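Enquirer: One letter stands for each residue in the lines below.
2 protein chains.
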Amino acid sequence: MRLVTNEFAPLSSVKIHDGFWSRYQDIAKDKIIPYQWRVLNDQVPNTEPSHAIANFRIAAGLEEGEFHGYVFQDSDVAKWLEAVAYRLSIAPDEELERTADGVIDLIAAAQEEDGYLDTFFQIAEPEKKFTNLLDCHELYCAGHMTEAAVAYYEATGKDKLLAVMRRFIDLIDEKIGPEEGKLHGYPGHPELELALCRLYRATGEERYLCLCEYMVNARGTEPHYFDWELEKREHRGFWGDGYQDRVDKRYNQSHKPIREQTEAVGHSVRAGYLYTGVADLAAETGDESLARAARTLWDNIVGRQMYITGGVGSQVWGEAFSFDYHLPNDSAYNETCAAISMVFFAKRMLRMDPDSRYSDVLERLIYNGTISGMALDGEHFFYTNPLSMWESATRKSGVAGHIRSKRPGWFGCACCPPNLARMITSLGSYVWSSSADTIYAHLYVGSDAELDVGGQKVKLAQRGNYPWDGHITFTASAGEYALAMRIPGWARTFTVKVNGAGTSPSVVKGYAILRRTWQDGDTVELELPMPVEFVESNPLLREDDGRVALMRGPVVYCLEAADNGECLDALSVSDPADFEPEEASTVFPGEVDLVGTAWRRRPWTSDTLYRRVEACDDLDEVPVRLVPYAFWGNREDTREMTVWVRFDR
Amino acid sequence: MRLVTNEFAPLSSVKIHDGFWSRYQDIAKDKIIPYQWRVLNDQVPNTEPSHAIANFRIAAGLEEGEFHGYVFQDSDVAKWLEAVAYRLSIAPDEELERTADGVIDLIAAAQEEDGYLDTFFQIAEPEKKFTNLLDCHELYCAGHMTEAAVAYYEATGKDKLLAVMRRFIDLIDEKIGPEEGKLHGYPGHPELELALCRLYRATGEERYLCLCEYMVNARGTEPHYFDWELEKREHRGFWGDGYQDRVDKRYNQSHKPIREQTEAVGHSVRAGYLYTGVADLAAETGDESLARAARTLWDNIVGRQMYITGGVGSQVWGEAFSFDYHLPNDSAYNETCAAISMVFFAKRMLRMDPDSRYSDVLERLIYNGTISGMALDGEHFFYTNPLSMWESATRKSGVAGHIRSKRPGWFGCACCPPNLARMITSLGSYVWSSSADTIYAHLYVGSDAELDVGGQKVKLAQRGNYPWDGHITFTASAGEYALAMRIPGWARTFTVKVNGAGTSPSVVKGYAILRRTWQDGDTVELELPMPVEFVESNPLLREDDGRVALMRGPVVYCLEAADNGECLDALSVSDPADFEPEEASTVFPGEVDLVGTAWRRRPWTSDTLYRRVEACDDLDEVPVRLVPYAFWGNREDTREMTVWVRFDR
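Protein chains in written order, with this note's numbering: chain A, 1 to 649; chain B, 1 to 649.
Keep in mind the hints are simulated off the structure, nothing from the lab.
Just so you know, not all the hints are guaranteed correct.
As the list claims (entries may be wrong) - As a list, the in silico DSSO-like pairs of lysine-lysine whose alpha-carbon atoms are at most 27 Å apart:
#, chain 1, residue 1, chain 2, residue 2
1, B, K249, A, K396
2, A, K256, B, K396
3, A, K509, A, K459
4, B, K160, A, K396
Since this is a predicted model, take the numbers as computed values, not measurements.
Using the sequences provided together with the hints, build the complete structure.
Expert: Right, dumping it as structure tokens:
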């Protein structure tokens with residue numbers, strides 16, 4: 001029996017009308033997608049050439065040349081196509097669709113007779129297909145292209161890419177599996193797992209789910225596939241000096257079978273994609289033990305390894321999870337893609353269990369640690385999302401050498417920008433879901449949705465000025481169903497009015513439930529008061545002891561040198577009542593900053609490092625401004641930033 | 001005109017009788033020196049073989065074999081001999097002296113006809129002598145062996161090693177210098193500079209000083225010697241894949257001429273040795289511009305780049321200085337040898353200018369960041385001396401991967417243990433100095449000294465229980481001179497009695513000066529009250545804002561998990577009056593700990609990471625114990641340690 005208790009409204013049924021997200025979608029539409037198209041075609045000066053389209057042209061025999069780029073270069077084209085699909089769902093664009101159709105024709109032309117499709121192996125290593133699942137991202141690229149195929153099919157009804165990818169998946173199915181003569185393998189970089197679940201849902205073909213199930217269950221079992229593979233290719237790697245001594249199994253989460261894994265470890269994007277696939281598979285197959293595994297890993301991440309911004313993967317070494325309660329702020333890697341993978345994971349968990357423990361994290365992610373990866377010009381991107389930054393240290397210290405003080409342009413390894421594009425363009429599909437008798441509003445994103453609730457077709461609209469304001473209005477269409485509205489964990493109180501009359505709905509798993517017979521035009525007003533809050537960390541999180549983060553609603557704020565001068569750690573705050581919101585539009589229309597007073601340690605007049613603490617008071621009261629963390633680094637002055645501010649009671 | 005204003009009493013004129021240091025000297029005598037001897041002879045099981053003595057035997061033709069060890073392996077033998085020399089000054093030991101004589105005979109036998117002496121080049125690369133001053137430590141080893149030669153000569157009157165080294169220095173003088181046909185080079189790892197000054201003082205031969213002067217003045221000038229050398233050897237390195245692209249000139253402080261250097265940069269031991277040599281040369285030659293350069297670099301280090309323990313060189317990358325006010329606690333490299341090099345530097349500065357700005361740092365170093373490198377068993381050593389340590393992070397995080405939670409045994413690269421041995425055994429030579437009319441007591445180390453003050457021979461004794469107690473008694477012998485006693489920067493007040501009667505001496509540059517005609521047996525009692533102090537950092541030192549270090553007298557204290565449980569950052573302190581000293585002898589006889597109360601954030605009952613700060617009080621008052629930082633990690637439980645404790649006013 002499936003564990004799916006509610007189904008998200010697909011993108012095609014949701015239209016976003018939202019001050020915050022419509023703007024982000026415009027950036028994706030007008031900036032990221034066209035810019036990425038130029039990147040893929042090597043038309044952006046002073047940027048590492050992508051060569052991604054060229055690789056497909058070479059594989060298709062349309063031009064001569066060598067393969068260039070990473071082994072996973074194909075996935076950039078896939079992510080672009082996926083984002084285009086979502087973007088076409090938002091607003092039709094014939095020219096863009098024609099361009100995408102052309103790319104799909106090219107991809108189809110590059111596919112080999114037997115269905116094989118991966119330009120790296122086709123061009124550079126045709127004899128080595130399926131010999132290095134560990135490092136070479138063959139299945140990873142297949143996964144991304146499958147996601148693109150499903151998305152494009154759902155957006156346009158065109159199934160050409162879907163057919164291409166079904167042929168390739170069929171080939172993979174022939175090569176990999178439990179049967180004798182097949183490779184008993186699975187992706188070195190998970191992604192295909194979640195893509196197979198999407199393909200299963202789009203086509204209804206059980207064998208895709210079976211292949212996913214095989215890959216998830218085989219992972220980490222003995223004899224270990226990656227050891228066997230390494231032996232088989234005589235310890236030859238693909239890079240560097242050639243000899244590969246051993247496999248770092250924690251890095252790719254194959255150190256033990258998934259049901260025995262209790263801590264998130266290793267490369268954080270691999271982890272996020274794997275866990276998403278695991279949750280998806282559990283939901284579709286009804287495998288309780290797998291669902292428990294997903295829940296255990298979720299709880300570990302959210303309860304012990306996630307920054308307040310939603311960022312995960314604190315270590316630059318291996319772009320990886322570190323360990324419980326080890327969340328350093330200045331060296332935090334927090335790859336943008338890792339935060340995005342948690343968005344995917346959250347949605348799968350919600351689909352099994354509409355509990356605000358998942359949707360609160362989803363909200364934390366979308367307003368903070370994901371979009372922080374993008375400058376508001378849509379053309380500059382952070383890979384890393386630290387929670388404090390001192391520009392001098394990024395330039396001069398090994399600890400923070402991987403951190404940037406300003407978002408650079410598109411990178412050579414361009415995974416994060418298109419991942420943001422697909423998250424932003426598909427955001428409509430995260431807002432609403434429905435079960436047989438309940439409609440869930442998981443996010444407060446202004447939108448019109450058409451939902452199926454127990455066979456009834458229902459229209460619901462929500463409007464507001466979130467995340468800056470906690471007043472949200474819903475308009476319902478007629479029917480018998482419950483409206484379940486998430487009461488965010490950050491809210492101390494809330495009020496609900498139906499058609500202007502106050503009511504006290506029950507709250508189940510963090511959702512306020514209004515069950516009634518609705519008439520067309522019934523309105524619900526949800527009020528979530530948004531005072532400025534000081535948030536503290538678990539005492540076990542050593543880095544943040546004695547500090548607070550300032551939040552208002554779901555938005556995490558930070559101090560920047562641009563507003564507050566250098567040496568932000570010399571500042572301390574003592575009372576949230578000292579702060580109030582101010583609409584400032586500093587870098588984003590409608591942006592709400594926090595303004596207030598803090599205490600700054602008085603600069604020393606002598607050039608010494610240490611002195612006795614004397615009784616005299618040496619703090620100056622100073623005005624400070626905090627800006628949303630997601631918007632940091634969007635101004636010229638990026639000398640310093642910090643989220644966690646010292647707290648002097 | 002020389003800039004020497006006062007001269008330190010040599011080791012032979014000072015006998016230490018001190019609860020603290022006599023024990024350390026016993027450890028050096030009974031443990032380090034014999035243990036190192038076994039290390040040098042590859043007699044310690046389960047330890048990387050040193051092969052250092054074997055290298056000399058091979059070079060001397062006494063056995064067959066290959067060179068093994070680092071290119072600077074010879075320096076381990078030199079440092080051992082130097083420590084032995086000091087140790088023989090402390091207490092004669094015929095057997096040890098015979099052993100040392102034997103080593104010196106071996107070294108002499110290894111020396112080549114022309115004076116050359118460096119077993120690495122002699123055995124492994126005889127054709128490449130003087131072709132890679134940058135990396136190959138030839139001049140560095142010569143420096144250490146010269147220091148040993150001078151020390152052994154001064155301790156025993158035997159000049160065999162001195163003659164050996166004079167011959168080698170003469171050869172170096174033939175090869176290197178400003179004249180055409182000579183190499184216009186200088187050491188890639190400074191050390192020889194300060195050794196040449198010592199050799200000059202021991203022999204009176206001006207040419208040693210001239211060679212030093214050449215090397216110091218040539219450093220960092222254009223055309224750059226290391227660039228020329230790199231070209232000359234066609235960019236071949238000695239290690240790795242061979243091709244050396246460029247020289248990191250900041251790493252070895254040759255990025256600009258010494259008089260233009262205003263910030264300490266690069267490898268911290270190289271820096272410390274260079275600056276020591278620079279100060280030494282300035283003093284002997286009377287070069288004011290050089291003295292200014294030394295002072296500028298001193299001020300930069302002490303005012304902006306030194307930990308409260310005296311540790312320097314915060315970065316593991318290059319074992320290097322970082323940049324002004326960048327002093328992270330958990331990733332601090334702080335090599336033991338770097339702190340020791342600052343001890344040498346301090347002594348040279350004091351010799352020019354008897355100002356407590358130097359001797360206060362000297363004191364900070366000897367009681368904290370140097371001896372922290374050694375376990376009290378004398379057989380385990382830290383290279384790195386962080387100011388906070390979380391064992392899990394040392395094992396699992398890249399940021400702290402170089403940090404150890406326990407002192408390991410002698411290392412393969414064994415620079416720190418013998419450096420500690422020579423510092424500890426020569427400590428007597430740092431206590432007293434004299435000018436024409438003044439005797440300076442720089443350190444409060446129980447000792448008897450014979451001093452020359454303007455031609456008068458004077459005996460002075462001091463006794464006390466420093467650093468645990470601030471009561472120090474001096475006994476003088478007859479004469480007309482001033483006794484200048486350092487009033488430490490940590491002291492709020494002090495009192496002085498002469499023969500029981502209170503007096504109010506003037507204080508000049510941090511020294512209380514008693515000028516009088518002394519009678520034999522006159523006593524001086526100096527009382528330095530030692531309350532527990534909270535010390536704060538400059539607000540620009542971001543890492544320590546909002547924290548205090550607890551000190552008593554010169555001793556920096558730390559919290560350890562062994563006494564206070566895990567998660568030390570959850571603790572805060574609010575008033576030094578909450579603490580009192582307690583003689584505890586936890587790991588060291590007579591050790592004084594600090595006991596008192598702190599506030600601990602109450603553990604959370606839920607497994608969540610973040611929550612609103614509520615008005616309710618969530619701090620528990622708990623008893624805490626702090627132990628001297630130098631003694632941390634001497635017990636079984638080394639899960640956590642921290643010096644800087646959160647300060648809740």
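Enquirer: Does each hint fit the structure? Answer for all of them.
Expert: Comparing the hints with the structure gives:
1. B/K249 / A/K396: holds, 15 Å
2. A/K256 / B/K396: holds, 19 Å
3. A/K509 / A/K459: Holds. A/K509 to A/K459 sits at ~24 Å (cutoff 27 Å).
4. B/K160 / A/K396: Not OK: B/K160 and A/K396 at ~47 Å, beyond 27 Å, violated.
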